[in-house]
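Engineer: This is what each chain is made of:
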Amino acid sequence: MTGAAVPSQPADSTPRSKEGLRPVTDTRLDKSQPVLEVTDLEVSFPSEAGEVRAVRGVSYAVRPGEVLGIVGESGSGKSVSSMAVLGLLPDSAEVSGSVKLAGRELLGLSDNELSKIRGKDIGMVFQDPLSALTPVYSVGAQIVEALQIHQEMTKEQARTRAIELLDVVGIPDPRRRVDNFPHEFSGGMRQRAMIAMAIANDPKVIIADEPTTALDVTIQAQVLEVLKKAQDVTGAAIVMITHDLGVIAGFADRVQVMYAGKPVESGSVDEVYYHPRMPYTIGLLGSIPRLDNTERRALTPIEGTPPSMVELPKGCPFAARCPIAIDRCREVEPVLSVKEGNTHPTACHRSHELAGALDPATIYPVPEIPAAVELTSVPREQREKVLELDNLTKHFPLTQGAVIKRKVGVVKAVDGITLDIREGETLGLVGESGCGKTTTLLEILDLPSGQAGTVTVFGKDVRGLGRADRKALRRDMQIVFQDPMAALDARMPIGDILAEPLKTHNWDKDRIAARVPELLEMVGLNPDHADRYPQEFSGGQRQRISIARALALEPKLVILDEPVSALDVSIQAGVLNLLDELKVKLGLSYLFVAHDLSVVRHIADRIAVMYLGRIVELGDSASIFDAPSHPYTQALLSAVPLPDPRRERERTRILLTGDLPSPANVPSGCRFRNRCPKFLTLSEGEQQRCHDEDPANSRLAADHVAACHFATALEVI
Amino acid sequence: MSANQPAPSNTSAAGGEAVAALATATAGAPQPPAAVRKRTSRGKLTARRFARNKLALVGLGILALLFLAAYVGPSFTKYDYKFHDYMAFNAPPGGDHWWGTNQGGQDLFALTMRGLQKSLVIGLLVGGISTLVAGFVGAFAGYYGRWVDKGLTWFVDLLLVLPSFLIIAVLSPIFRNASWLIFVVLLAAFSWMITARVVRSMTLTLKDREFVKAAKYMGVPGPVIIFRHILPNMASLLIIDTVIQVGAAVIGESGLSFFGFGVQAPDVSLGTIIADNTTNAPTFQWLFYFPATCLVLIGVAVAFIGDGLRDAFDPNSSGAKSKGRRRKALAERNEAHRKATVAGGSRDVLGTS
Amino acid sequence: MLRKLANYLILVTLAASLSYFIAGLSLHPQANYEGRNPPLAKSTISKTLDDVNMNPDTPIVSRFATWANGVVHGDLGKSIDGSPVNDEVGRRIGVSTRLLLLATLIGSVGGVALGTIGAIKQYKFFDRFTTLASFFILAMPVFVLGLFLKLLTMKFLGAGTIHFTGETDAEFAGRWDFAALGNRAEHMLLPGLTLILLQVALYSRYQRSTMLDVLGSDFLRTARAKGLKRRAALVKHGLRTAILPVVPLLVFNIVLLFIGATFTEKTFGWHGMGELLINSITRNDVNTTSAVALFTAGLVLIAGLLSDLLYAALDPRVRVR
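Chains as they are written, first to last, in this note's numbering: chain H, 1 to 717; chain W, 1 to 353; chain P, 1 to 321.
Bound conformation, chain H alone (with noise of 0.2 angstroms):
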């Protein structure tokens, strides 16, 4: 990985089956037999409200070679399906069905039976890697073990091999790096440090659960890569799990989509993507915000929430949040199988109509959201600054030492930030974790006194204010945080959660009494439930009362901080479209901070992007998304995957190498310069320039500026 383009799939390389699922085998298009099969597979759990049946009934086969993505929101079963595979439930957990590896059952083997299997011929990668790896033992041992547990090997042996995969899997400098503890790894690291210890012993199908959802989208798009690498080495079939349908896009061939612990539609990427035939997949497919995607217009989001898996309603579980539903529907649950006209199988009794009389594209109707009123069409300039911030930054001093403390060095978390957002309109705040963002979001919200720079709020600058200032302001700028379960204080009922701010200011118990139900309206929820406690209410229900908290005092600025990537993808949509609602109807400003791009084109006027405490790259989002003049803007967004597999098949992806390096450790010069792709291409005096010179920001449009001494606009979507 150089940092060079490289193209990020090729195209087809691999036999597609039109036959669907059912594991039987293709004999038709494929000569191949499927070296994983999966039939009826059946999981369910006791639980102190009953029997949970996490999965009800997934077939499925991969042949060798080939990529199987299953998509599934949070309780799908998706997760539990791949562990029951491995026989990694806990024992309490009941499963049927049959797993067959290269034609050997797996279920009712015993533990050593499949100890001998796993590792060996399954090779598993885990979403976090931080708590995936035992703390204790330095990484080349955890190789080295994976390794002599399947593999006749002498310890030096072990380790030279051990050396050999972290080369594989790209981790710099790989014999000084064996010997290094997870805690010394980055998150990005780690997980390729899983990788290498998946593919040890040659598996012959690798079983990935989420790889990169807890990883950065620039991290995510090398990782990837090298689970790409991984499979060409080592010709596995890859069983790819995940709630994200742009990472399966550009990665699998086949796809299955996972609802209620059943799957509802699978077959090729390009058929479920481009002709989903299950309301479920259409909805999903229509409520994720896109990149791609130029013109604002309110998302589709699906209605409702997924059904426990207690007490599963009859009849098809997604009945409830179908806008096409039946009587039918209601009482018989649809079987996974090709329906009349379609040409892959899916389990709606409706799926034929969706390949005639009914319109994928317009059964779900679209929300109104009202137009912007006269605010916006006030030029920006003339509007009020709500928020400005100068210059600000905010070193920690890194200590070190036994009895006395000595300063070693300094973390420029913010690193000298100079932004600004007017009356009515929303910044969206993007870089990838560590990049100072939080640390930005509590310089704003703890109104300090200290360190350089000036943060001013509607005009009054927030160091002179004494305490009765400081309040007031409280009131006009609110925050919204990203965990709507940790947001609300559980111990409450949620007319009392809204009820304190206004307690807080001191407002009369008449005038709360009246507020309360009056913003449970507002955002969306019944008034007469303000009785009721947080954990009564669904992730994306919880999100709204946050944001019915935060307006209570009727603000002017709302801090976002990361509100909807806590929430399934479904669920966002809503929450999103109300935001967009709000801050119409009662002209807020927005302060969206966000790592996913895409949402924050969704919602945002203007963008900024930050990189190591600085931010690189401010303009109107028309400018940031579609003329991208900073290297690592269009490393970032040329890194977002795109729910479209023909757009991602040709993309070429701008791969970063390394990690951020740490805020302590800032390069001198332009800081962007020795991961920078462009710098590669530059000549030696140029280069010279990005290596002596702190680039300040040079002006690209009238709302676009980047801190690039070489800024040219490249397309990257």
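Hints listed in this document are in silico derivations from the structure and should not be mistaken for laboratory results.
Don't take each hint at face value.
To be verified - So the derived label-pair ranges between C-beta atoms look like this: (1) W/182 to H/469: 35 to 41 angstroms; (2) P/97 to W/151: 46 to 52 angstroms; (3) W/51 to P/152: 33 to 39 angstroms; (4) P/101 to W/267: 35 to 41 angstroms.
Even for Gly, the Cβ is constructed at its ideal location relative to N, Cα and C.
Position chains W and P relative to chain H; hints supplied.
Structural biologist: Just chains W and P now, with coordinates in the frame of chain H:
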């Protein structure tokens, strides 16, 4: 049937999540539609879970009986604990003296009941006071951080390395002629530190939780946040801890009294009764067994109750289940939040490292 | 590391000094001489107390200065009857140390083993039994446990079958030859068992809960996904990680254990530091009491250092690179 209702649980994880959490860590959560959920108050639910735990009920039963015996029992016997029956020295159990008499002819039943009263009252008081102190100190240290935290943590560490037993013993002359309440205060003063550490570390976690941050950015003052959000959110810990502290205090009290550094004559506690009869115990074994059994029963009952409470409060615990599937249910009980039910120093490390 | 050591030293020094002040202010050495028949002259008492640096008329700070100066030079002062505390402590320190060392070693290892098995076999018979047993043991004050074991052996084996009073029988006192070792072992049996049971119960509860936390961890799942068998994964990856949070327990446990030892020594007639503590307090012997406080402070210091070293050896995350 009550057991089959999806139940709102007491932390951020909803009932549905708890179910899925059992499935696998990554499986995520099927969220039951809020509308169909039947509302049950948290208190009731906890009580129901607790009631399904047999051992906990046994513990509660034992404790209730002990209380009853301690306060009502003496009125059924004609002997006062101070009365010396010169007709019966070291009389075996039976007859008028149900549990026999000691060397001085005192009725062992009357004595033990009196000792039981003292032990129980001291235990309850110490448990309550020390948990209260621990809650305050731990929460303030954790919430305010910086020098408040440094100072308080250091003070806690100092108290922990101080040989508390030695100090109380050395100070015993002070309360020899004063009220036993001073003894209670001393015991409490040396038994809150470990809880305070746990509270502090939990506060540190809670402080980073978004609902606390939300309150802070709303402009809610610190002490209000502590009492409105932080302490209520560890109510379960504090309740469980009070129970455990009661057990620890009873044991500590009896130990000090055993050496004569605790409850002073003419008053008695279970510790003094056992101590007074140590030399005679090998020959007149009832002198040991009756008071010792009472003492152990308090400890065991309290441990059972604490264990049951922990399970009842823990949303992921599915141990409190209806019959029938008990075995299975027990097998998968999630004990993630379970800390060892140990009176002494076992729970602290979570706070320290 | 150095920082921690310094911190421990300060804490421990402070704890010992505080103990001296409290003992000095609270105990009344003069009570030993007052009320005698014939009454002693006030000046005589004063003189005697001056000799042992326990005169309440001397300001406590200057008494402390004298005492602390002695301690720094290795002299623990004089006991109330005028004999050097050093001698007394020298005789007794080994007795307690042997008892404590044995209980700590066997107790912690045994507790960790039982706790681990208990967690793995959660809710099976073994787990239920050990859990219940540890509840009972922890509900018993040490003296009850000790007396109980004593009565039990006397009842089932008859009195005198096992000799448990004192560290040895009289004829073996002070001897370390083979026969004496056997006798020592016999005497060690019950007091040792008392403390070991207590330690095992404590450590097993704790280890069980940390092990249960680890059982659901992702890395254990990874280890199994690699092809490690259940048992191997549990021991190599599970136990190794679950033991980490138990290590710091050593420090606070040592104080608890010493108190336990005090009861055992008293119950079984061992002449150790614990017994010395009780005797010195009843005799209002400030210097001896303080010496015992110093001893516990030393225990904490050593346990603290050991547990930190052990922790660093086990956990690469805290190792200084």
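Engineer: For every hint, state whether the structure bears it out.
Structural biologist: Each hint, compared with the structure:
Taken as a hint, the range 35 to 41 angstroms is violated for the pair residue 182 of chain W and residue 469 of chain H, whose Cβ atoms sit roughly 50 angstroms apart. About 35 angstroms separates the C-beta atoms of residue 97 of chain P and residue 151 of chain W, a value inconsistent with the hinted range of 46 to 52 angstroms. Taking 33 to 39 angstroms as the suggested C-beta distance range, the pair residue 51 of chain W and residue 152 of chain P conforms, at roughly 36 angstroms. Checked against the hint of 35 to 41 angstroms, the C-beta distance between residue 101 of chain P and residue 267 of chain W comes to roughly 39 angstroms, which is consistent with it.
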